[in-house]
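Undergrad: Can you make the complete structure from the sequences, with help from the hints?
Spelled out from the first residue to the last, the chains are:
2 protein chains.
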Amino acid sequence: MNKIAIAIHGGAGTILKKYITPEQEEAYKKGLKHALDVGYAALEQNKTAVESVELSIIEMENSPLFNAGKGSVFTNKGTHEMDASIMDGKTLYAGAIALVHNIKNPISLARQIMEKSEHVMLAGEGAIEFAEKMKCKFEQDSYFYDEFRYQQWLEVKGSDKVQLDHAVNKNKKIGTIGAVALDALGNLAAGTSTGGVTNKKIGRIGDSPLIGSGTYANNSTCAISCTGTGEFFMRGVVAYDISCLMEYKGMSLEDACHEVVNNKLLKLGGDGGLVGVDGNGNIAISFNTEGMYRAYKQFKKPGVIAIYKEN
Amino acid sequence: MNKIAIAIHGGAGTILKKYITPEQEEAYKKGLKHALDVGYAALEQNKTAVESVELSIIEMENSPLFNAGKGSVFTNKGTHEMDASIMDGKTLYAGAIALVHNIKNPISLARQIMEKSEHVMLAGEGAIEFAEKMKCKFEQDSYFYDEFRYQQWLEVKGSDKVQLDHAVNKNKKIGTIGAVALDALGNLAAGTSTGGVTNKKIGRIGDSPLIGSGTYANNSTCAISCTGTGEFFMRGVVAYDISCLMEYKGMSLEDACHEVVNNKLLKLGGDGGLVGVDGNGNIAISFNTEGMYRAYKQFKKPGVIAIYKEN
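Each protein sequence line maps, in turn, to chains D and V.
Residues in the first sequence are numbered consecutively from 29, following the numbering used here.
Residues in the second sequence are numbered consecutively from 29, following the numbering used here.
Treat the hints as calculated values from the structure; they're not laboratory data.
Mixed in with the good hints, there may be bad ones.
All copies of an identical chain are treated as equivalent in the list; a pair is satisfied when it fits inside any one copy or across any two copies.
[Stated by the list, open to error] Below, computed lysine-lysine pairings styled on DSS-like, alpha-carbon distance capped at 27 angstroms:
id: 1; residue 1: K46; residue 2: K161
id: 2; residue 1: K61; residue 2: K132
id: 3; residue 1: K75; residue 2: K165
id: 4; residue 1: K185; residue 2: K161
id: 5; residue 1: K144; residue 2: K292
id: 6; residue 1: K61; residue 2: K46
id: 7; residue 1: K105; residue 2: K144
id: 8; residue 1: K105; residue 2: K165
id: 9; residue 1: K295; residue 2: K144
id: 10; residue 1: K295; residue 2: K118
id: 11; residue 1: K132; residue 2: K329
id: 12; residue 1: K163; residue 2: K185
id: 13; residue 1: K277; residue 2: K118
id: 14; residue 1: K46; residue 2: K144
TA: Put into structure tokens, the structure is as follows:
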């Protein structure tokens, strides 16, 4: 067994202990641990990094706790629009979807695009058509309905205000989920999935489905999944920037992540974070916000699950 | 007057002299020259690089010769879906649209998103709604109708075949247009606009509207606009890769473009090209195909207009 490793996130933002009840904290930690365990078990069974990333993300998409899949927030029209992407660090193949609705697991659809189409990215009705052809699992609107998120939307409905979740002083479900993994064969993969931001303009695409911005994987450097104010991650081409700092400047994964998240991204005005893993199984967790839902596990080491800045 | 410079492209691909009549060649050269002159004149009048890039692209979008705006190709449903993006190298602000229809000048809508919204990217009906709010110019379907492109579509309609234009041995209008510029204040900008590929799946998004893939600008390095098989430019994060090779490895613009287009992109299997300009007014024109519609002009030097590999 080679050095296997996995890291996941469930969003970064203004996550402060005072806004979260012990019960909520427990629920989030349980949700993270479950997603981590499922992905890590897959790696132990010699499944690929792509498979492991997909499995971990599916668990979070199926949970109402996280803003992706089932837990997606409402757009300004009261609808759901989900984005996701996945990349295989061995082949540099990638798949992404944007602005889809009623798809149970957007990350699986992104993987189907990567593996079964000649495209990298499909959006809207074109993506839905492809999902039907691939026999992806659909769910009714009621599956995605969540009273808490609905109330959250009613608060800002009709205004131009978006709720980034992680930018408000309330305990709210956070922006994006993602996973990165190194499998037993030394291959890397990264995936990201999101339900957007509350009351977002329909048609807005953030960094999550963009290869190089929200997601990137390359066996020769690292696998990265981001979360935060998407527009800044797009302008900074954040995920690929970390890979370039490693490849062209010889930086370590940790130094590259720190430089991008705590220096370059802050200068642009962006807040958020990311998880990363390199080919040696090193893991980096970086965020410039008060907290980030996160968990990771490296071969033969105990798993780590954390929420706030200090844990 | 500082060193001003502009470079534009009208697509790269299998462009061979034997497939193009002297009249067609003349028309393309005239179209390129006109777009170049308009952009260069703007720079001479101390307009910004962003303005100049937009003006050059508008000229090409308004021409039926190029696959963008008026000349956009048909999707697999017989509709038009246009994508565009623009980036300001001074501020790193960016704007992009995907999958829009009936917008006369997609590049101007991308600029409006950059300057008048909190978003970077809007797609589909959400982008159209924003365009209405901004009072962007719309055109009827008939404006975008072109007998030649319609026949081109009929040939592959009903099949899964896409016509990349640049991959077939016929004289066909080519994939994407773009421009990069350096203005008198030393600011860089890049923009790209496309009508997609003939018979493409609706909802397919290529590299043209993606910041870092098809378009990137940063005063500290370069401005880049790409054209070619979009999926490979997305997986290679091509435009930002050139910037990183310059910033992190100290490569010149020309060397970085050559490395990416003639080495890295070819290894991925991607064909196409790009135009680039740096802060000193150096221009790079790179393509790994038989030809690329292109033109450039540097301060106090004669303009250059070319189509085939050897000119």
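Undergrad: If a hint holds in the structure, say so; if it doesn't, say that too.
TA: So, going through the hints one by one against the coordinates:
{"no.": "1", "hint": "K46 <-> K161", "verdict": "neither (47 angstroms within a copy, 41 angstroms between copies)"}
{"no.": "2", "hint": "K61 <-> K132", "verdict": "within (21 angstroms within a copy, 51 angstroms between copies)"}
{"no.": "3", "hint": "K75 <-> K165", "verdict": "within (22 angstroms within a copy, 52 angstroms between copies)"}
{"no.": "4", "hint": "K185 <-> K161", "verdict": "between (35 angstroms within a copy, 18 angstroms between copies)"}
{"no.": "5", "hint": "K144 <-> K292", "verdict": "between (36 angstroms within a copy, 24 angstroms between copies)"}
{"no.": "6", "hint": "K61 <-> K46", "verdict": "within (22 angstroms within a copy, 63 angstroms between copies)"}
{"no.": "7", "hint": "K105 <-> K144", "verdict": "between (32 angstroms within a copy, 21 angstroms between copies)"}
{"no.": "8", "hint": "K105 <-> K165", "verdict": "both (24 angstroms within a copy, 25 angstroms between copies)"}
{"no.": "9", "hint": "K295 <-> K144", "verdict": "between (39 angstroms within a copy, 21 angstroms between copies)"}
{"no.": "10", "hint": "K295 <-> K118", "verdict": "between (32 angstroms within a copy, 13 angstroms between copies)"}
{"no.": "11", "hint": "K132 <-> K329", "verdict": "neither (33 angstroms within a copy, 58 angstroms between copies)"}
{"no.": "12", "hint": "K163 <-> K185", "verdict": "between (34 angstroms within a copy, 24 angstroms between copies)"}
{"no.": "13", "hint": "K277 <-> K118", "verdict": "both (21 angstroms within a copy, 24 angstroms between copies)"}
{"no.": "14", "hint": "K46 <-> K144", "verdict": "neither (46 angstroms within a copy, 36 angstroms between copies)"}
Consistency note: the structure conflicts with the earlier hints numbered 1, 11 and 14.
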